[in-house]
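*Asks:* Knowing the structure of chain U, use the given hints to seat chain C on it.
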Amino acid sequence: MADTLTPVLTDDWDAEQSWKLATYESRGGYQALTKALGMAQDDIITAVKDSGLRGRGGAGFPTGMKWSFIPQDNPKPKYLVVNADESEPGTCKDIPLMMASPHTLVEGVIISSYAIRANHAFIYIRGEVAHVIRRVQAAVAEAYAAGHLGKDIHGSGYDLDVVVHAGAGAYICGEETALLEGLEGRRGQPRLRPPFPAVAGLYASPTVINNVESIASVPSIVKNGAAWFAGMGTEKSKGFGIFSLSGHVTRPGQYEAPLGITLRELIELAGGIREGHSLKFWTPGGSSTPLLTDAHLDEPLDFEGMAGVGTMLGTRAIQLFDETTCVVRAVLRWTEFYKHESCGKCTPCREGTWWLVQTLAALEKGQGSESDLDLLLDQCDNILGRSFCALGDGATSPITSSIKFFRDEYLAHLTHGGCPFDPAASTLFPSLSSTAVGAQA
Amino acid sequence: MSFTQETLAELREIAGRYPQPRSGLLPMLHLVQSVEGRITSEGIETCADILDLSPAEVSGVATFYTMYKRKPVGDYLVGVCTNTLCAVMGGDAIFDRLKDHLDVGNDETTADGKITLEHIECNAACDYAPVMMVNWEFLDNQTPESATQLVDDLRAGKEVHSTRGPKLCTWRETERVLAGFPDGRVDEGPAAGPASLVGLSIARERGWTAPDTDETAAADGTGAESKVGAAEQADTSRAESETTQEEGQKNG
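Going line by line, the protein sequences match chains U and C.
Just add 236 to the spot in the first sequence (first one is 1) and you have my numbering.
Just add 631 to the spot in the second sequence (first one is 1) and you have my numbering.
For reference, chain U alone in the conformation it holds in the complex (with noise of 0.2 angstroms):
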C-alpha cells in the first residue's frame, strides 16, 4: 500500500532553482534517458503500456497503447506533440510542472520521442503563461548544450529536434487535432477523425499528440519499472496523479496522490473546507466534468470510480465550491465560457452554446418559467454527442447535472424573482458589501 501522497513529478518543486539543469541532475535527472537510450524502442513502449499510465490530459487513453498506433513502416516523418495548452477551468497542473520543473518533461520527451522514433517534437504551451514558456525555453537550451538533444545523442545515433511554441488564446486547441491546426498555422478547429493522428497527425504524418503530465511520468517510469508505477493506483487506473485542489477550502493547492485518493482525504490535507462552512458541490476534473456534491466525498477518485457516478475523472481539478456558491451563476459563467470558446465548426457546438448562455442568463434573473429547465435539458440533447468535438459535449456537463442535483435552486431564481444569494458571502473577503466598501474608503 502507497503513501497517502506519493511525490514523484511535486518531488523537485521545493528545491532551490529547481528549474535548472544542475539542479535536476543532482537530483537524478536524466539518469532515465541514459537507460532508454540502452533500450530498444519497442521496450519502451512495452515498458508505458505495462505500467498501466493513461493519459493525464483528461480521456484517459492508455499511452503506450497510443504510442504502438504509430505505423513504423510508414516512409514519413513521425512527430511527437506535447499539449502544454492547460485552459480547462479549473486545471492548474501543469503549469506548475513546467514553471518548477521543465526538465522533467524535456527529458520525457526526449525518451518519448526516441521510443516512437520521431525526431521532432513540439511543446504547444499556451501562449498566457509567459514565465513557465520563458522555463521550457531554458530547460530545452540547456538540454541542446549538454547533449540531450541535437545530433547523435550520447553517441546512441539517435537526432531530436525540440521547438517551443506559444500559442495564442484559444481554448478548443487543447482539443488534439485543434491544436495540431494551430500548429500548422491555421485557425485551431477540430479535424475530422479518423484518420487519427496516429496515421495522419500533423502534416499528415503519423503523431502521438500527449499531455503535459503524460509525458512527465515517462521518465520515472523508465528509471524505476512498469511494476514500480503500477503498484501505485487502483486496478484499471494505476499509478500517480497531481490533483488540484481549488476554492472554498482552506489550502487549496497540488497534492499528488495515488488514482483512488477519495475527496474526503485529499479535503481533510487540505485542512477542511473553509471554516464555518461546507462543502455544496464540486468538479472532479474541470468544468467540463458533470458536477458531484458532499454525497461523492468517499468515491474512489479514478477513471472507474468516476464514471461509475456519473461523471469523468479528467484532469484531477477539483473545483470545490461552498454553501455560498449560487449554482445556477457558477454554471451560467462556465457555460458563457463554452460560447465564447466554441470555435464555430460545426452548428450545434456555435449556435447551442449560444442559446444555452439565453435561457440560462434568463433563469439567473428569475425570468421565464419551470419549463425552461425542460427547454435547457432538450437544447444539451442537442449538443451531446452531435457536436464535432468534445468542447460540446463539455459545455453540457455543468448544466445537466446542476438541473440533476439542484433543480430546486433553479427554481428558487423564479420564485424569489432573481438570484438568491449574496455574491459577496461566497468571495474570499466577504467584508465586501457596499456599506463596508464605503467605511474603508
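It is possible that part of the hints are untrue.
What the hints assert, rightly or not - Some chain U residues judged to face chain C by a derived CB distance under 7 angstroms, without partners named:
| # | residue |
| --- | --- |
| 1 | T240 |
| 2 | T246 |
| 3 | P325 |
| 4 | I331 |
| 5 | G363 |
| 6 | R371 |
| 7 | A406 |
| 8 | E420 |
| 9 | Q490 |
| 10 | E492 |
| 11 | S662 |
| 12 | T663 |
To be verified - With a straight-line Cα cutoff of 20 angstroms, these simulated SDA-like cross-link-like pairs (lysine to any residue) come out:
| # | chain 1 | residue 1 | chain 2 | residue 2 |
| --- | --- | --- | --- | --- |
| 13 | U | K256 | U | Q267 |
| 14 | U | K575 | C | E752 |
| 15 | C | K730 | C | R786 |
| 16 | U | K472 | C | P842 |
| 17 | U | K581 | C | A687 |
| 18 | U | K256 | C | E819 |
| 19 | U | K312 | C | P652 |
| 20 | U | K459 | C | P842 |
| 21 | U | K271 | U | R353 |
| 22 | U | K581 | C | G691 |
| 23 | U | K387 | C | G647 |
| 24 | U | K575 | C | H750 |
| 25 | U | K575 | C | D738 |
| 26 | U | K256 | C | P813 |
| 27 | U | K387 | C | P650 |
| 28 | C | K730 | U | P659 |
| 29 | U | K256 | C | L828 |
| 30 | U | K256 | C | F812 |
| 31 | C | K798 | U | Q253 |
| 32 | U | K271 | U | G383 |
| 33 | U | K575 | C | N737 |
| 34 | C | K798 | C | G815 |
| 35 | C | K730 | U | F665 |
| 36 | C | K700 | U | R422 |
| 37 | U | K601 | U | F657 |
| 38 | U | K271 | C | T844 |
| 39 | U | K575 | C | T697 |
| 40 | U | K581 | C | T697 |
Worth flagging that the hints you see were computed from the coordinates, not collected in a lab.
Bear in mind the structure is a predicted one, so any value in this text is a computation, not a measurement.
The beta carbon of each residue, even a glycine, is placed where N, CA and C say it ideally should be.
*Replies:* For chain C alone, coordinates are given in the frame of chain U:
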C-alpha cells in the same frame, strides 16, 4: 511604419524553426505585436509574404486567437480572471472595482495609454484564486485593494513583480518572449508558489514518498491489449465510438 531588416530576418528565423514554415505563423504574429503594438495590416501582409499565403489566410488566423489585438494595447495588459471559480472567489468584485477605478470598460485602454483592462478566462492558476495576469505574468491571490494598488503602481512607473515570476516588463516585451526570443528573465521569481507546494510539504512532514522500486510487485498486465479495448478504457464515449467506427471502416 515598415518593418526593419532585423525584424524581417527574425520573422524568417521563426518560420525556419519548423519543418514547414507556416507553423511559424502564431509566433510570427506575436512578434508583429511586439514590434507594432498590435496586429496591423502591414504585419499581416508581411507574414503572408514570407509564408507565401494570402493576407486573407493570415487575417483569418489572426482573428481566431484572442491574444492577437487589433486595437493598440497599453504598456500593461491587465487581465482579471472571471471564469467561474475566480469570479466566485472575488474576481467579479475585482473586475468591477478596476473598471470603476480606471474608468474603462472591458477591452479598453486608459487615456494615458498605460493600461488595457480585460476579463480573461481560466489561466490555470485556480489554487491562487482570485487571479490576475499582467502581460501574462501571474498576480496571485488578489483583492480589490491589491488590484487597485497594482494598477496605481503600474501607472506611476513603480517597479512591480509578478507573485510567481519576474519584474513586470511591457506587453510588447512579453510578446517578444512568446515569439521565441528569450529575454534573460528566466531565473527571476520562485520555482513554485506556496499553493503549488502544499501537498509536497505535507508529504515531507509525514515522511510520505513514492514506494522504493524493490517494494513493488510485478505488473499484473491489466493494460489494454487492443485498440478497441484501449478506447473502451478511455474516459469518453467519443473515443470509443470513433475507434469502433474506424475499426469498422477498416474491416468493412
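*Asks:* Are the hints correct? Go through all of them and say.
*Replies:* Going through the hints against the structure:
1. Taken as an interface hint, T240 of chain U checks out: its beta carbon lies about 6 angstroms from the nearest beta carbon of chain C, inside 7 angstroms.
2. For T246 of chain U, the suggested interface contact is upheld, since its CB lies about 5 angstroms from the closest CB of chain C, less than 7 angstroms.
3. This hint holds: P325 of chain U has a C-beta 4 angstroms from the nearest C-beta of chain C, less than the 7 angstroms allowed.
4. With 7 angstroms as the threshold, the beta carbon of I331 of chain U comes within range of chain C, its nearest partner Cβ sitting at about 4 angstroms, so the hint holds.
5. The closest approach between the C-beta of G363 of chain U and any C-beta of chain C is roughly 5 angstroms, which is under the 7 angstroms cut-off, so the hint is satisfied.
6. Nearest Cβ of chain C to the Cβ of R371 of chain U: about 6 angstroms, under the 7 angstroms cut. The hint holds.
7. Proximity of A406 of chain U to chain C holds as hinted, the smallest CB-CB distance being about 5 angstroms (cut-off 7 angstroms).
8. Against a cut-off of 7 angstroms between C-beta atoms, the interface hint on E420 of chain U holds, since the closest Cβ of chain C lies about 6 angstroms away.
9. Taking 7 angstroms as the C-beta cut-off, the interface hint given for Q490 of chain U holds, the closest approach to chain C being about 5 angstroms.
10. Interface hint status for E492 of chain U: upheld, as the beta-carbon distance to the closest one in chain C is roughly 6 angstroms, under 7 angstroms.
11. A distance limit of 7 angstroms between C-beta atoms decides the matter here; for S662 of chain U the minimum to chain C is near 5 angstroms, and the interface restraint holds.
12. A least Cβ separation of about 4 angstroms between T663 of chain U and chain C falls short of the 7 angstroms threshold, and the interface hint therefore holds.
13. At most 20 angstroms may separate the alpha-carbon atoms for a hinted pair to count; K256 of chain U and Q267 of chain U meet this at roughly 16 angstroms.
14. Our distance criterion of 20 angstroms between C-alpha atoms is met by K575 of chain U and E752 of chain C, whose separation comes to about 12 angstroms.
15. The straight-line distance between the Cα atoms of K730 of chain C and R786 of chain C is roughly 15 angstroms, inside the 20 angstroms bound, and the hint therefore holds.
16. Taking the CA atoms of K472 of chain U and P842 of chain C, the gap is near 19 angstroms; set against the 20 angstroms cutoff, the hint holds.
17. With a C-alpha separation of about 18 angstroms, the suggested pair K581 of chain U and A687 of chain C falls inside the 20 angstroms cut-off, and the hint holds.
18. Under the criterion of a C-alpha separation no larger than 20 angstroms, the hint pairing K256 of chain U with E819 of chain C is consistent with the structure, at around 12 angstroms.
19. A C-alpha spacing of about 18 angstroms is found between K312 of chain U and P652 of chain C, which places the hinted pair at or below 20 angstroms, so the restraint holds.
20. With a C-alpha separation of about 13 angstroms, the suggested pair K459 of chain U and P842 of chain C falls inside the 20 angstroms cut-off, and the hint holds.
21. Of the pairs offered as hints, the one joining K271 of chain U and R353 of chain U holds, with about 16 angstroms between alpha carbons and a cut-off of 20 angstroms not exceeded.
22. At most 20 angstroms may separate the alpha-carbon atoms for a hinted pair to count; K581 of chain U and G691 of chain C meet this at roughly 13 angstroms.
23. Among the hinted pairs, K387 of chain U with G647 of chain C is consistent with the structure: their alpha-carbon atoms are about 18 angstroms apart, no more than 20 angstroms.
24. About 15 angstroms separates the Cα atoms of K575 of chain U and H750 of chain C, which keeps this hinted pair within 20 angstroms; it holds.
25. Of the pairs offered as hints, the one joining K575 of chain U and D738 of chain C holds, with about 18 angstroms between alpha carbons and a cut-off of 20 angstroms not exceeded.
26. At most 20 angstroms may separate the alpha-carbon atoms for a hinted pair to count; K256 of chain U and P813 of chain C meet this at roughly 15 angstroms.
27. For the hint linking K387 of chain U to P650 of chain C, the alpha-carbon distance of about 16 angstroms falls within 20 angstroms, and the restraint holds.
28. Between K730 of chain C and P659 of chain U the CA atoms are separated by roughly 18 angstroms; this keeps the pair inside 20 angstroms, and the hint holds.
29. Our distance criterion of 20 angstroms between C-alpha atoms is met by K256 of chain U and L828 of chain C, whose separation comes to about 18 angstroms.
30. With a CA separation close to 19 angstroms, the supplied pair K256 of chain U and F812 of chain C stays within the 20 angstroms bound.
31. For the suggested pair K798 of chain C and Q253 of chain U, the alpha carbons sit about 17 angstroms apart, so the restraint of at most 20 angstroms is met.
32. Taking the CA atoms of K271 of chain U and G383 of chain U, the gap is about 15 angstroms. The hint holds against a cut of 20 angstroms.
33. Annotation: proposed proximity of K575 of chain U to N737 of chain C holds, straight-line Cα distance about 18 angstroms (limit 20 angstroms).
34. Distance check on the hinted pair: K798 of chain C and G815 of chain C sit about 12 angstroms apart at the alpha-carbon level, within 20 angstroms; holds.
35. Between K730 of chain C and F665 of chain U the alpha-carbon distance is near 19 angstroms, which keeps this suggested pair within the 20 angstroms criterion.
36. Taking the CA atoms of K700 of chain C and R422 of chain U, the gap is near 17 angstroms; set against the 20 angstroms cutoff, the hint holds.
37. Restraint check for K601 of chain U and F657 of chain U: satisfied, since their Cα atoms lie roughly 12 angstroms apart, inside the 20 angstroms limit.
38. Taken as a hint, the K271 of chain U and T844 of chain C pair is honoured in the structure, with Cα atoms around 15 angstroms apart against an allowance of 20 angstroms.
39. A threshold of 20 angstroms between alpha carbons decides the hint, and for K575 of chain U with T697 of chain C the separation of about 14 angstroms falls inside it, so the pair holds.
40. Between K581 of chain U and T697 of chain C the alpha-carbon distance is near 17 angstroms, which keeps this suggested pair within the 20 angstroms criterion.
The structure is consistent with each of the numbered hints, conforming to all of them.
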